[in-house]
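Asks: Heads up: the protein sequence lines correspond to chains A and B, in order. In our numbering, each number is its position in the first sequence, counted from 1, plus 210. Position 112 (the second sequence) corresponds to 102 in our numbering; numbering is contiguous.
In case anyone wonders, no lab produced these hints; they're calculated from the structure. In this text, a Cβ means the ideal position worked out from N, Cα and C, and glycines have one as well.
Label pairs and their calculated CB-CB ranges:
| # | chain 1 | residue 1 | chain 2 | residue 2 | range |
| --- | --- | --- | --- | --- | --- |
| 1 | B | Gly169 | A | Ser315 | 32 to 38 Å |
| 2 | A | Pro218 | B | Ile327 | 53 to 59 Å |
| 3 | B | Leu334 | A | Ala233 | 51 to 57 Å |
Here chain A is said to cover these stretches of chain B; the calculated rule only asks that three of the stretch's residues, wherever they fall, bring their Cβ under 8 Å from a Cβ of chain A:
| # | segment |
| --- | --- |
| 4 | 134 to 143 |
| 5 | 254 to 260 |
| 6 | 286 to 292 |
Here are some chain A residues the structure puts well away from chain B; computed CB gaps all over 10 Å:
| # | residue |
| --- | --- |
| 7 | Ala236 |
| 8 | Glu260 |
| 9 | Ala343 |
Spelled out from the first residue to the last, the chains are:
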Amino acid sequence: MDATAPVPRRRFLNWFLGTAAGALIASVLYPIIRFASPPRIPEATTNQVEAGDVSDPAFSQKGFKIVRFGAEPVILLKAAEGEYRAFSATCTHLDCIVGYQKDRSRIFCNCHGGAYDLNGRNVSGPPPRPLTAYKVNLVAKGSEPAKIVVSRA
Amino acid sequence: MFARARSWLDDRLGLSTIVEFASHKTVPVHRFSVFYYLGGMTLFFFLVQVCTGVLLMLYYRPSANEAFESVEFIMTVVPFGWLIRSIHSWSANLMVFFAVAHMVSVFFMKAYRAPRELTWASGALLLFLIMGFGFSGYLLPWNQLAFFATKVGTDIAGAVPIAGEWTVRFLRGGDRVSGGTLSRFYGWHVALLPAITTVILVVHLALVQVKGMSVPAACDEEAKRRPPMKFFPHFALRDLSGWIFALGVLAALAALFPWELGEKADLFAPAYENIRPEWYFVFMFQTLKLVPGGEIAGVEYEAIPIMLFGAAGLLLVLIPFLDRGAARTGRSKGWTIGGVAALLFALGMTCWGYASLLPLYVVLISGLLLALLAFITRGGTNREAR
Chain A
211 MDATAPVPRR
221 RFLNWFLGTA
231 AGALIASVLY
241 PIIRFASPPR
251 IPEATTNQVE
261 AGDVSDPAFS
271 QKGFKIVRFG
281 AEPVILLKAA
291 EGEYRAFSAT
301 CTHLDCIVGY
311 QKDRSRIFCN
321 CHGGAYDLNG
331 RNVSGPPPRP
341 LTAYKVNLVA
351 KGSEPAKIVV
361 SRA
Chain B
-9 MFARARSWLD
1 DRLGLSTIVE
11 FASHKTVPVH
21 RFSVFYYLGG
31 MTLFFFLVQV
41 CTGVLLMLYY
51 RPSANEAFES
61 VEFIMTVVPF
71 GWLIRSIHSW
81 SANLMVFFAV
91 AHMVSVFFMK
101 AYRAPRELTW
111 ASGALLLFLI
121 MGFGFSGYLL
131 PWNQLAFFAT
141 KVGTDIAGAV
151 PIAGEWTVRF
161 LRGGDRVSGG
171 TLSRFYGWHV
181 ALLPAITTVI
191 LVVHLALVQV
201 KGMSVPAACD
211 EEAKRRPPMK
221 FFPHFALRDL
231 SGWIFALGVL
241 AALAALFPWE
251 LGEKADLFAP
261 AYENIRPEWY
271 FVFMFQTLKL
281 VPGGEIAGVE
291 YEAIPIMLFG
301 AAGLLLVLIP
311 FLDRGAARTG
321 RSKGWTIGGV
331 AALLFALGMT
341 CWGYASLLPL
351 YVVLISGLLL
361 ALLAFITRGG
371 TNREAR
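Turn these sequences into a full structure, and let the hints steer you where they fit.
Replies: Here's what the structure looks like:
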């Protein structure tokens, strides 16, 4: 074909219209997709929370409680007298919130039966990873019951 | 007066062509004709959902602080609120049940074979939409079950390769299940899903009208020998009596077993014991429970069943295009066996998930009832059609 031969008018118009239509659709879809994708909101990082004191009846009744660590649930359990441990309460399987089974000495997720030992290690069931551990400090002041402070490890 | 109004409308809308078309519409009569009512029954429950859903919208408030209280208000203060909400919940479950029953019967009768591939594909999409309604609907009361089911259900989307994280955030309206998730799910449940469903439903019904009912190969002879039934009025009246019966059943279920509300969602409480999704998700839930933790080649084990279920969903839509045997002869033993195996898997997993044989009994009793109905209507249809 002769390189200088003109592009047929129909083909040119089709190409032109097709591109314009494609650009129009893209310029409509792009803001819609961006709008529907939730914006990332920066969260204040929490490094430490006070989680009540050791006299909390939750420990004598169930042996644990769920603490708000910023927006994250953290499980605080009493492993032995004077020994408290804290882990992320979000099951590493599918995001449920775990609990502590005192009688069986394990952290358990009721959603799909995932079990962790008292070091947060996933020992049976579906969880793929251990629970993130948090640091627990007991702060005693005078004769009052010691305060529990949970912080990032 | 009436005749004049009618002819005025006819001039403008061409009603007589529709009436003409409808008067010629017939339904084949054979020993499995009773299965032709299952789709209509599903449609009835869908209509009930639309009506009760619109009513619930008068009082429901889609926010984390008010949702639970507004449903409580509907259940305890609003006159007949308990009835409307319970019917909405029961009808939702029966709609899923009949949609599945309809699909199973269509599958085994090979009604999806050419030229009805698109009828099947649109029907499979409708089933997924119904499950989407179920999933988005049970977050709305903002109770503990809703909260955890949504946490798990949206987290599952994280198994999607590459786009997983984006999908989870898109579904949740943020990093976590929160009030923002509720707004989204509400929008989908009452606006987006109904709009899409209406369009696909119209296509599905139009295809059924255009192509007519499929006759299974095993009944070809019988359907030729027996005169077909006129759709108007014979089949439509039978449909209608079924619908009236179903309305009675709904009212009775709602009155005897009002849908419970449970406890308000607590974002900082462990999942309660024996927490379980709605029955139609239990087979997937139980499968997820059985897969141990671990990973292979960077893919977590839990992602494998999730992707397999996704692939199974795609396969379901594509059956008519893959089953060449049914297209040629109306029979395909391999696909029948595959279907039985899939059903046994789902049923077995459901029984396991409930640690009970009740799901098996429900399936057996439903099968027996259908067989009984098929037997009763076997001769009667013939006489009236003449």
